[in-house]
Amino acid sequence: MTPAPAAATHCPYCALQCAMTLTPSAAVPVRPLAAPSVTAPSVTALSVTALSVTALSVTAPSVVSSGEPRVTVSGRDFPTNRGGLCKKGWTSTVLLDSPDRIAEPMRRGADGTFSPVSWVDALDDIAERLRRGRAEHGADSVGVFGGGGLTNEKAYQLGKFARIALGTSRIDYNGRFCMSSAAAAGNRAFGVDRGLPFPLAALGSAETILVLGSNVAETMPPFIAHLEKARANGGLVVVDPRRTATVRLTENGGGTHLQPTPGSDLVLLLGLTHIVIAEKLVDERFLRERTVGFDALARSVGAWWPQRVQSVTGVPVHQLREVARRLASGRGSYILTGRGVEQHVDGTDTATAAINLALVLGLPGTPHSGYGTLTGQGNGQGGREHGQKADQLPGYRKIVDPAARAHVAAVWGVDPDDLPGAGLPAVELLNSFGQPGGVRSLLVHGSNVVVSAPNVNRVRAGLAALDLLVVCDFFFSETASLADYVLPVTQWAEEEGTMTSLEGRVIRRRKALDAPSGVRNELWIMRELARRLESPGVFSESPAEVFDELARASEGGLADYSGIDYALLDSGAPVYWPYPAGSNGTPRLFQAAFAHPDGLARIVPVTPRPAPEPLNTPGSLTLITGRLLEHYQSGAQTRRVPELNDAKPHARAELHPTTAASLGVADGDLVELGNSRGSVRAIALVTATIRPDTVFLPFHFAGSECANLLTQDATDPISGMPEFKTTAVTVRAVREEVTA
Amino acid sequence: MSVTPRIVLVGYGPVGARFVEDLLPAVRLGAVALTVVGAEDEEAYNRVLVAEFAVGRTDRSAMEVTDTAAAVDAGVRFVRGAHVTGIDRDARTVTLDDESVLGYDRLVLATGARANVPTLDGVDAVARDLRALLRLDHSEQGRDQRLPDGVTVLRDLADARTVRAAVEGRRRIVVLGAGVLGLEIALAAAEEGAEVCVVHHGGHPMARNLDRGGGTMLARSVVRAGVALVAHSRAEAVTYRTDDEGERHFDALVCADGKIIAGDLLVLSCGVSARAELATLAGLPTSAGVLVDDGLRSWDDPHVFAIGDCAHVAERPADYLAGARVAGGPSGLIGPGWRQAEWLAASLSAEFAASAPPPPLAAPRPALVMLKAEAVDVVSVGDVELEPWDAEPSTVDADGDRVPGRQVSQWVDPEHGRYLKMVTRGGVLEGMVCVGLPRTAAELTLLFERGSELPADRSVLLRNDGPDYAPATDSDTFAPDATVCWCNGVTVAHIHESVDAGDTTVACVGKSTRAGTGCGGCKGRIGELIERFMETEAAELPV
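Protein chains in written order, with full-length UniProt numbering: chain A, 1 to 740; chain B, 1 to 543.
Some clues are possibly wrong.
[What the hints assert, rightly or not] Derived DSS-like pairs (lysine-lysine); straight-line CA-CA distance at most 25 Å:
1. A/Lys229 / B/Lys523
2. B/Lys511 / B/Lys523
3. A/Lys648 / B/Lys259
These aren't lab readings, by the way, just hints derived from the structure by calculation.
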C-alpha cells in the first residue's frame, strides 16, 4: 500500500485551527488495532466512581510498536498560526494509534462489560430500539447531543438526521456551554453572530486590545502573535480574576491587568461605558448613523459611576478611567470576550455590555477596530450555524421561521410541516433524561457530557435513567463508558471535511491516512441508521456531497455558504462567510451595515441581577474554572497523550497564599472543594496570581477531580448558557490520605 | 378598594425616579395610579456627577438616569415645575403652589436635601422650624433661599452652571468647607485651571470621615494638587463689591481671626439638610429628616412614606417626645436611597398588585466615602478614631455571645503620601482610611461591602500597591522555572538542558524542545538564553 501524499490540514483541537501538514511515514505499516479488553463497571452508571472510570483510560505508549508515529506533523504557514503550533498540535498524531482506541463497535452486556459486536448487529439493534422508543414514547423521547468539534458536514447531517430520520426536536450540543451567550448577544446587537467578524490577522494592526475572560496564551497559544503591536504600544488590557499566562503578556509595559472579583464582569463593563459617556469619549456620529438605543443605555449606565464600580468589582477607579480613555484613543481598538465573562446566567447580558461599550466607542463595523468573541471549540463556529442547535436550521436559520422551514424542507425533500419545532437547550435537554415526557434514548456525537456539563452528578443520574445510550467516540471517554453502544469513529487525520474557524473562515480538513478497519465515519453511521429507519431524504457518506447540500440549505440564510464548494476551498482562497453564490465572501462584516433589516446595530441596555446562589458568604470561596495549555475540553483526548498528561496529570486547585494559610493548606496538600452538589479532591497549588476570594480548577479532569461536580445548572434565560464561572464552595485540607 | 389606589410622589430626583421606574409594572397593570410632583423642570439627573458637570468634564446628557417618556407612556401623571406647599393628612390631599389639590391613598416624600447655608454676616439666614414655617407665605413653602450674586451652594444643575462659568473663566474660587463635595469641586476646578482656595475650621480636611493621620496625609496631597488649604478658620462674614452697573458681587470671605480671603465665587459646601418642612408643617415627626420606621412609613401616619435624603429611618424610642432630637439621620448617599426606592416600590406593588412582597429592607451599612479626584486617592468608612494601642475589651451581647473588641492596623508613609488604617472586629473591616493606595483601597472597599474577613496578614493588602503586584519580570527571567515558550510550556531549565545537550541555534533548540514553534514570539529570548548558557559553559571549561 502506498502512503498517501502529505495532507494540508488543520489541527484537531481548538477554533484557531492552526494549519498543519501531516506526512505519512512510508516505512511504517498500518498497525491493526487490537480490540481493547475493557471492563466497564457492572454496577449502575450512577455509581461509576472516579477510580473505575480512570481505570478505563490506561495511559500507554503513544506510538506503534516500531516506535514511530505513522504520520509526522509539521506547521504550515497560514495567516492565523503563521506556521506555529502549540504542544497539543505537535503531539496530536499520538492519538491515532493510541492503545486506548476503540477498534470495533462495542456493546454493553447484561453483566455491564463491553464486548465487540459487528456493525450490522449494532446498527440493526440500535435502529430497532430507536424505532421502538419512538413508537412507544413519541419522537421527542429520542434525543441527540452533538459537539462543537464535529465538521460542518457532520454537524449539518446530524441536525438533518434528528429532524427527518428521527423526527425529534430534541437535539442540542455542547456549544451551548461555550458560545451560546456571545452568539445570542451578537445576534441581538448586530443581527448575525460570527465570532470574529473580521480576519484574525486584523488584530495585528491594533494598538489597544481589551480581552475579557479569555486566556488565549494557554488555550490557543499561537494567537498571541497577533497581540504584538498592542503590547508594544502598552495597549493589551486583560480582565481576569487570575494573573494568567495571558495577563503576563501585559507585564513590562505591555498593558494593564484588571483583576475583578468573579461575577462582577457586567458591572465592570457598565462602569467602563459610564466613563466613556461621562467623559464625552463616545463616537457621536457613529451612534447617530449606525445604531439605535443609545439614550436608554446612557440612562442605564448613569447609575454605575466609577467609585461604585470599584466597590463592586475591586478594580480601582484610576484603572477604569485609563482603560476607557485608552479604548477611545482611536488608534485601532478591539474588544474581545471569552468564556470567563460569557459562562454566566447573565452571560448574554455581559456580552451585550461588551458590545455596547464597543458601540459607544464606534468600534464595530469600522476598518481598524471591532468587537469579537473568541470561539473555543475546533468547529465551534460552523457547529453553531447548521442545525445542531435546538432552535435552528442550516444557514443560521430559525426553526420557527416558516420561510426557513420551507427552504430547508425543500432541500431535504420533505414537507415543511413534517419538521419538528424548537427543542430544548442543552441543560434542559440533559435534565429531561428519564423524566416524564423527557428523553429516553440518546445519541451522543463528539461530546463528553459527564465531564463537561454542569452539575455532573445530575447528568450521570440522567444518563443512568435512559433506556438507550449510544456514543460515537474514538475512546472510552467517561460518557462512552456509560453507554449501551459505543461506535468507533474516524479521527481528524482520517477524514475529509470542512471546519469554520474562529474568524468565520471555512477551511478544509484533509485525510492523511486510512482509519483502522473497524472504524467508521459518522456520515456513514447516519446513512446506515437513516436507511434502517426508512428516513426520507438523502444521507450521503461523501463529505463533498454533504457539503454541497449544506451550501444549498444555507442559501439565503445568515450563514450563507451557497457560493462555497470543495474546489474553491482547495484552491486555497480565503473563504469567509457569508459567501452567497456569485460573491467573493465577506472577510470583514458590517462595513456598510449591520445585519438587521434597517442596517443599524441595536444597543440594548442591560442591568446586573443577583447571583443565582450567594457568593462570598463567610467561609466560602468562589470557584472559577478554565483550561490548561496541555489539555483540551474534557481531556478525553489530551489525557491520553503521554507527553501532555505527564506534564499535567491532575487537577490542581489554585489558592492564594493568604487564603491557603487561613485554611491551613500548604502547596501540594490534598484539598477538598465541596458544596451541596458534590465534592472534588485536588492538590493545592498555592499562588499569589489568584484573588484571595477565588479558587481555580481546570475542567479537563474526570472522576473525583471533575470541576463540574460543583458547578450549577442554573442557566441564562436567553442563551441557555449554564453558570460555570461563579460557584460557591468551601475548601478544606484533607489530612489523612483516603483512597476510595 | 373600589377605585384604583392613588400614589402621589413628591420629588423627582434620582431616588424618586428609581421609585417610579420600579413601580411601572404596577402602573401598567392599572393596579395603582401614580402622580409625580417635581420641583425642577429638568429631567431627573445623577447628582453624583454634579461636581464633574460643574467643571465641564461631563455633559448634561450623560447625567440622565431615567426615561420619563416611558413612564408617561405607562400612564404616570407628571406635574413638573411645581411645589407641594401643604399636606392635609385628614383629607389625604396635597396642595400645590398653584392652589391645585391632589388626593392620595399613599404619599411618598422624596424631596431630598438642600445644601446648608451657614450663618455668615452678609448672607440672610433662614429658619425652617415650625414657627418660622407657619409665618411663611403659602407660595413660599418648600422653596430654597436666593443667595447673593457670587455666592452659591453646589447641589443642583443651576448651581453647577454657576460654578462652571467661574471655572471656564479661570476665576478665583473660594470653597467654604472641606467635606467630600467641597474637596471634589476644589480639586476638579484646580485641575481645570481655576485658582482655588478651601477654607475650613478643623485641623484637616474631611474631618467627619478621616482620622488625624489620614486627614494630614490628605491635606498634603491636596496642596500638592494645587489647591490652597486654609485650616483652623471659622468664616464669619461675606463682603461685597459693587460693579459699575450697581450690582453687588461677592468680594471676600472674612474669618473670625481677621483673615480676608478674596475671590470671584464663594462655593458654600457645608453639608446638607433634609427637605422635611412639608412633614413638619403637617405635624409629622421629623428630626434630621422625616422620621420613618424600617418600612419607610411615617411614625405617625400610615399613609405617608419617605425615601432618600429626606428620610430619617429610626426606631421610635418608647419615651419619644414630639420635637425631640433622634439619633442618626439620612446617609446623604445615593446607594441607600435607591435601595429604599426599590424596596418601597416593591412593597407597594405587593400591597396593590399582588406581587411578592420584598424581604425586609436591610439596615444600611456605614457608607463608603470615596473622594472623586484624579490626583488624590482617598477612601474611608466607619469610625476611624481608634488608634493601634487603644485596647478595646471584648463585650457580651444580648444573646450572651462574646463580641470581640476592635483592633487597628496601620501603615504610615508620609514621604510617599501613603496612609492606611484598618479598624477590624473579629477580622472583619468596620472602619478604614486609605490614602494614596488605590489598589489596596479598591480591594478593601470590596471586602467592606461584603463584610468579608481580611487576610490575617494585613500586609498582603498593601502589596496590591507594591511593585510585586505586577512584577517586572526582568529580575527573574533567567530563573529555571520561568516560562520561555508559552505555546509549548517550555521553561528556562528545558532550554538550558537543550543547550547542554549540544543545541546551539534557535532552530535546534526548537527541534528538541518545541520552544519557539508556536507563535514564535519567544525566539529572541531563546537566542539570548542560548548565548548565556553557552557563555556559562565556556567559562566552566578548564583553562
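Taking the hints in turn, this is what the structure says about them:
Between A/Lys229 and B/Lys523, the direct Cα distance comes to roughly 17 Å. Compliance with the 25 Å bound is thereby established for this hinted pair. Using a Cα cut-off of 25 Å, the hinted pair B/Lys511 and B/Lys523 holds, with the two alpha carbons roughly 13 Å apart. Taken as a hint, the A/Lys648 and B/Lys259 pair is broken in the structure, with Cα atoms around 73 Å apart against an allowance of 25 Å.
Checked against the numbered hints above, the structure violates only hint 3.
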